[in-house]
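*Asks:* Work the whole structure out from these sequences, hints included.
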Amino acid sequence: MYIGHVGAALAAKRVRRSIGLLVLLVATYTPDWIDAGLCVAGVYNSRELLSHSIPAVLLFALIGFVAYAVATRDWTGALVIAAVILSHLLLDWITGYKPTWPGGPMIGLQLYDHPLADFLAESIVIFAGALLYGPTLPARRRPWVDISIMLGALLSLQLTIDIAHVLMKSLSKC
Amino acid sequence: MAFEQFAATTSASLLMLAGIPADRFLYAFRLIGALLVATLVPLLIDRRFRR
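Chains as they are written, first to last, in numbering that gives the first Met the number 0: chain A, 0 to 173; chain B, 0 to 50.
Please keep in mind that the hints were generated in silico from the structure rather than gathered at the bench.
Glycine included, every Cβ here is placed at the ideal spot set by N, Cα and C.
Any given hint could be a false lead.
To give an idea of the interface, some chain A residues facing chain B are shown, with a C-beta separation under 10 Å as derived from the structure [unchecked claim]:
# : residue
1 : Tyr-1
2 : Leu-9
3 : Trp-32
4 : Tyr-43
*Replies:* Structure below.
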């Protein structure tokens with residue numbers, strides 16, 4: 000999943016409004032940031048075992064939980080951070096094809112091969128996230144305008160990514 | 000040498016000198032770029048809403 004992960008961060012903002020959106024956005028993309036770091040460091044694993052397997056994401060969630068709890072003393076917030084990190088794996092199983100554990104099977108619906116289905120699945124998560132996020136904004140006369148702007152921007156990004164994916168299928172991974 | 004060929008070989012050589020193969024650099028560049036955009040766009044919109 001690409002921009003759909005932002006939907007998870009926006010939904011989490013509704014659950015715990017005191018958590019900054021930047022923290023939630025970093026949490027929701029943690030496995031991908033790790034992936035990029037491993038690639039730059041030259042220790043990338045083509046099956047993404049170190050970044051997207053179940054034990055790896057559980058470890059990131061635990062680290063996120065401890066780091067947030069130590070920094071803020073907000074245990075509920077720390078649980079939300081851990082849940083957002085875990086949501087990355089669950090959402091990737093819908094659109095991608097990810098490892099389970101070392102030696103374990105790869106699982107996922109691999110919707111990336113079907114851009115329309117991918118766009119639809121991501122849009123549902125983005126839409127749900129934006130709707131939940133709306134009430135966290137300051138009261139306004141036309142709150143739906145704000146939600147529409149966020150929704151439009153995220154759906155545009157997702158559409159761009161899906162089109163780019165179709166046009167640049169031959170690009171190799173790390 | 001055509002400009003495109005010059006640019007391609009020069010960039011590749013510079014990357015190899017830095018110890019980063021071109022394929023790996025491009026993947027990391029694309030991934031980090033996409034992550035930054037996916038993080039900054041909703042963040043900036045949110046900041047504007049809350050001003």
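*Asks:* Take the hints in turn and mark each one as holding or not.
*Replies:* A quick look at each hint next to the structure:
1. Tyr-1: holds, 7 Å
2. Leu-9: Given a least distance of 7 Å, the restraint on A:Leu-9 holds.
3. Trp-32: At about 6 Å, which falls below the 10 Å cut-off, the nearest Cβ of chain B leaves the hint on A:Trp-32 intact, so it holds.
4. Tyr-43: holds, 7 Å
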